[in-house]
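Novice: Starting from the structure of chain A, add chains B and C where the hints point.
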Amino acid sequence: MSTIEARKITKRFGDFVAVKDADLSVAAGEVVCLLGPSGCGKTTTLRMIAGLERVTSGDIVIGGKRMNDLSPEKRDIAMVFQFYALYPALSVGENIAMPLHYEKISKPDRDKRVRRVAEILHLTEVLDRMPGQVSEGEKQRIAVARAIVREPNCFLFDEPLSRLDVELRHSMRGQIKEVLSNLSKATVIVTHDQLEALTMADRIAIMRDGIIEQIGTPHQVFAKPANVFVASFIGTPQMNLVKGKLEKVSGAKATIQFGGERVELEVNPAVGSLKPSEVTLGIRPRAFTPVSAGAKDTILATAELIEPMGAETLVHARTPDESDIRVVVPRDVKFKIGEKLHLRADPTQTHIFGEDGKAVRA
Amino acid sequence: MTSVALSPPAPDFKTIAPDNWKLAIVVGLVVSVLATLILPANAAFWVVGAMAAMVAASFVVNAYRRHYYGGLLVSPAIAVLFVMNIFPLVWSLGLSFFAYQSNQQNIRFVGLRNYQQLLTNDLKAPELWANLTNTAMFVVLTVAAQMIVGFLLAVLFAKQFPLRKYLLILVLTPMMLSVVAVGVFFSYYYDPTFGLISQVIKAWGGEQFILMSNKTGAVAGIVFADAWMWSPFVMLLVLAGLVSVPKYLYEAAAIDRVSGWRRFWTITFPYIRGLLMLALLFRTIEAFKMADLVILLTKGGNDTMTISYHVIRIANEQNKTSEGAALSYLLLFVVIVLTNLYLYIANRRSQGA
Amino acid sequence: MANTISIWERLGFRKASGVGEAGWGHTLFAAIISLIYFLPVLIIILTSFKLQTEALAVPPKLLPTTLFGLIPEQYVFSPTLENFTSVFSRAYVAGGAAESTGFDRFFFNSIFIASTSVLLALVIGTLAAYGFSRYPLKGNDTYLFIILTTRMLPAIVVIIPVILMFRISGLAGSYLGIIFLYTAFNLPFTIWMMKSFFDELSPDVEDAARLDGSSDAKVFFKICLPQVLAGLAATFVFGLILTWNEFLFALLLTGVDTRTVPVAMNQAVAGGGIGVLWGLLAAIETLFLIPVFLVTFFLQNHLLRGVTFGTVKR
Chain A
0 MSTIEARKIT KRFGDFVAVK DADLSVAAGE VVCLLGPSGC GKTTTLRMIA
50 GLERVTSGDI VIGGKRMNDL SPEKRDIAMV FQFYALYPAL SVGENIAMPL
100 HYEKISKPDR DKRVRRVAEI LHLTEVLDRM PGQVSEGEKQ RIAVARAIVR
150 EPNCFLFDEP LSRLDVELRH SMRGQIKEVL SNLSKATVIV THDQLEALTM
200 ADRIAIMRDG IIEQIGTPHQ VFAKPANVFV ASFIGTPQMN LVKGKLEKVS
250 GAKATIQFGG ERVELEVNPA VGSLKPSEVT LGIRPRAFTP VSAGAKDTIL
300 ATAELIEPMG AETLVHARTP DESDIRVVVP RDVKFKIGEK LHLRADPTQT
350 HIFGEDGKAV RA
Chain B
0 MTSVALSPPA PDFKTIAPDN WKLAIVVGLV VSVLATLILP ANAAFWVVGA
50 MAAMVAASFV VNAYRRHYYG GLLVSPAIAV LFVMNIFPLV WSLGLSFFAY
100 QSNQQNIRFV GLRNYQQLLT NDLKAPELWA NLTNTAMFVV LTVAAQMIVG
150 FLLAVLFAKQ FPLRKYLLIL VLTPMMLSVV AVGVFFSYYY DPTFGLISQV
200 IKAWGGEQFI LMSNKTGAVA GIVFADAWMW SPFVMLLVLA GLVSVPKYLY
250 EAAAIDRVSG WRRFWTITFP YIRGLLMLAL LFRTIEAFKM ADLVILLTKG
300 GNDTMTISYH VIRIANEQNK TSEGAALSYL LLFVVIVLTN LYLYIANRRS
350 QGA
Chain C
0 MANTISIWER LGFRKASGVG EAGWGHTLFA AIISLIYFLP VLIIILTSFK
50 LQTEALAVPP KLLPTTLFGL IPEQYVFSPT LENFTSVFSR AYVAGGAAES
100 TGFDRFFFNS IFIASTSVLL ALVIGTLAAY GFSRYPLKGN DTYLFIILTT
150 RMLPAIVVII PVILMFRISG LAGSYLGIIF LYTAFNLPFT IWMMKSFFDE
200 LSPDVEDAAR LDGSSDAKVF FKICLPQVLA GLAATFVFGL ILTWNEFLFA
250 LLLTGVDTRT VPVAMNQAVA GGGIGVLWGL LAAIETLFLI PVFLVTFFLQ
300 NHLLRGVTFG TVKR
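Residue numbers (numbering that gives the first Met the number 0), protein chains in the order written: chain A, 0 to 361; chain B, 0 to 352; chain C, 0 to 313.
Excised from the complex, chain A in its bound form (with noise of 0.2 Å):
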């Protein structure tokens, strides 16, 4: 079966390190989405993976070969290009059964695979049209068509949305996992968008500055970021960061002090190995309940901003020490700008980062 490995794979362009000491493996079947923003290595590592870039040192293995020194014609993978690279030439149906000259089958048989293709994408009456004739959709399917017309090792996916509207990139979000699923390769699938990572992938690999920050499924990743990028990253809106001071823990509680507040919070119990520093701390704004009284376990705070967001109310809340604090409260919750709120953090969905940005976890 067909499995994608990256073995501390490096890319350097001059000084600049692309990539750095990357490690990936995708089995059969999985679908991984490398996520991450813009110019974070992540269309690298998978250039490196189709073998368009060359890696600088580790290896690329896939379906058990190592293929460090391979064309990307003798790796046998499929790729769909962020800007779809239809070649503009060619017809819609002609751009589908290029892949397949290489397996010199007859002509009645590549219509009848170019037609089987087309019909699960539905492009069959535009595979008369030239690529400038069609609409933006359709290009992006004829680019997923051209990939799955033929039985590759794995699939590669580079941006395959960023270019469609917003309606358009729902639909086709579903309509390339439902093709996916049906195909049972190991796929890669390159964005910087999480929303189409958390519904697409079986796990997520975020990257920042060429290196691998976590890869989990996308529970994972969402209730157990492993370090402050991961934890801001992922999730809109995004999760409070508040840097305290660490006094004390006793069993459960720790007391963390920001401002001149000092709030006893219940936590992970590994935050008890820590000793007293700076730490950060990490709470989703949907993790919070207002209370009506001020307590030692709520965090205080005053209204500044209020969102309707339609079914819930985001707040911008301003913390005695001048932090921003975004609060998601049902409709129903009402606020007025300046009031005073008491925040209670739920303890399952309260994280603490160290020193060093990762988080302290059992």
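In case anyone wonders, no lab produced these hints; they're calculated from the structure.
A couple of the hints might just be wrong.
Said to hold, decoys possible - Straight line, CA to CA, 27 Å or less: simulated BS3-like cross-link-like pairs of lysine-lysine:
no. : chain 1 : residue 1 : chain 2 : residue 2
1   : A       : 252       : A       : 138
2   : A       : 223       : A       : 274
3   : A       : 223       : A       : 247
4   : A       : 138       : B       : 246
5   : B       : 158       : A       : 73
6   : A       : 19        : B       : 246
7   : A       : 103       : B       : 21
8   : A       : 339       : A       : 274
9   : A       : 73        : A       : 103
10  : A       : 357       : A       : 335
11  : A       : 357       : A       : 339
12  : A       : 252       : A       : 357
13  : A       : 252       : A       : 223
14  : C       : 137       : B       : 21
15  : A       : 335       : A       : 295
16  : A       : 242       : A       : 223
17  : A       : 73        : B       : 246
Because the structure is a prediction, the values reported are computed rather than measured.
Specialist: Frame of chain A; chains B and C shown alone:
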């Protein structure tokens, strides 16, 4: 852009006003024709010049009064082109209907006789016919050589490789040379005694090599020099096409395992087709006009006379002005046909794609 | 991707990686081809350092050095700068008699005629290009096409009446005549080139300036021109090269005093064979080549646009 409401109304045709360009054209034409018929050539020239200036002035005043800024900006250029290109063109068209030799004073209207003479008698005369076939031969040989060499050079430079920029300049230099330098120094290289080609052949045990001694050699010498000089032009155009192919298409082709041959025809070629046609047009027209290299290398000897050189000779050296004019108009006709043929093909191609 | 580029990469020494890039092997191959292609020019340059006897030597004197003993002595010449000093000293010593080459005059003519006419064409042509670009007339493309065709015309079609015109008006053999002719010769090129540069400017800035009450003249001089300075320079230099190398018009229309270098060179070889001072000619051509070579180097980005009259942009 032009505020019609503020512009003064156009003057009536019959009123004498500085911006009445319609009247100026009519008066100018009448006076010019009369002057050409009545006055001696020298005086007529100045009268026609004055009339042209009057028409131009009326255009400018008109454009200024009606705020045609486009017209105003363009007018100096049009004036220069009119004096140095359009007017001579009309003049030489006129000359072609007369019997006139620039070293003699008498001039006689002969109508289409010059053309008739050219198309019936002279074309059958072996000399002129040979000039035409020589020109056709040069066009075919030089353009073919340039297209092939230029294309191969472009392929050589299409990739990115170390020092590419510097090597490219070496190849581009011939195109930027003066044709005189090329002519002069190729005749140096072709010299039978101390020319390098002859010496190399002698060093390999051959005899003294006289390239220019017969027609084949002379043609080869001219074609070689011309192709050497102008292949870089074709290269530059083809190269522009080659580098305009987006890199991701080649990457997609690599992923799709497309063979080199198919990759060239389906991906690369569509990007260079238009530029190849453009190069073909430019070079064909230039080759058709070829005179300078022939003048410099053979002086038309060994049956290498081209039609262009022939016209220069009869018009300038033999003072057969009218015949030269008629012949050059036939040439112009061929160039226009070539240009339009190209445009027709180019348009049909772009519509088909 | 790379935000730091090493000096080697800037110079084009880059390690090959990925599709469409080749390595030093390709460089070697391309270098051999390029050098063969450049050989005729190289020989001209080498000849400019030879004395007459060396230029006509049999067997040929090929190089100024033995390349550490690789080349037999008989193929080696000792380089001299005599040819170069002769070009400007007005006295070339051949067989003892001092003889004026006159090439300082011809160089002056070439420079004066080319630069004046190209400058004139640039002023007139830039105005026209702006007009064509910003105030399109009815049938704009037709006018532009006709202007381009005037450049494509066989020179001989217009040359007969131009010769007659110059004879009648007394312009034959004068600077004014040839400058005026070259101005017309350069105009189509200048208009097409500059129009291609003006067309690339975004009209937003100009519209904004007009809304702010700037006059049309101010918009042109303060906003458009500064943006096309590079284009102006490229057009000027390309026009210079075209005029610099022009031969046919110059041959037929310049007199003894206004002769340009190409015409003078042609006359210097009129006798042909041994009487021609090849070393001197090579020195003249080498000097004549320097500006062209520099242009090719510095205008690489505009080269394509230049040779295709702005019809092809990169």
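Novice: Would you check the hint for residue 223 of chain A and residue 274 of chain A, treating anything up to 27 Å between C-alpha atoms as holding?
Specialist: This hinted pair holds, its Cα atoms lying about 22 Å apart.
Novice: Under the criterion that the straight-line Cα-Cα distance not exceed 27 Å, is the pair residue 19 of chain A, residue 246 of chain B satisfied?
Specialist: holds (25 Å)
Novice: Residue 252 of chain A and residue 138 of chain A were given as a pair; does the straight-line alpha-carbon distance stay at or below 27 Å?
Specialist: violated (56 Å)
Novice: Given the hint that residue 158 of chain B pairs with residue 73 of chain A, test it: the Cα-Cα distance must not exceed 27 Å.
Specialist: holds (21 Å)
Novice: Check whether the Cα positions of residue 138 of chain A and residue 246 of chain B lie no farther apart than 27 Å.
Specialist: holds (18 Å)
Novice: Within a Cα-Cα threshold of 27 Å, do residue 103 of chain A and residue 21 of chain B meet the stated pairing?
Specialist: violated (72 Å)
Novice: Check the hint pairing residue 335 of chain A with residue 295 of chain A against an upper bound of 27 Å on the C-alpha distance.
Specialist: With Cα atoms ~24 Å apart, residue 335 of chain A and residue 295 of chain A stay inside 27 Å; holds.
Novice: Residue 223 of chain A and residue 247 of chain A were given as a pair; does the straight-line alpha-carbon distance stay at or below 27 Å?
Specialist: holds (23 Å)
Novice: Next pair to validate is residue 73 of chain A with residue 103 of chain A; report whether the Cα-Cα distance is within 27 Å.
Specialist: holds (16 Å)
Novice: Straight-line Cα separation of residue 252 of chain A and residue 357 of chain A no greater than 27 Å?
Specialist: Status holds; Cα separation ~20 Å.
Novice: Would the hint linking residue 137 of chain C and residue 21 of chain B be met if the CA-CA limit is 27 Å?
Specialist: The given pair, whose Cα atoms are some 18 Å apart, holds under the 27 Å limit.
Novice: Take the C-alpha atoms of residue 242 of chain A and residue 223 of chain A, compute the straight-line distance between them, and say whether it is at most 27 Å.
Specialist: holds (19 Å)
Of the numbered hints stated above, those contradicted by the structure are hints 1, 7, 8, 10, 11, listed in ascending order.
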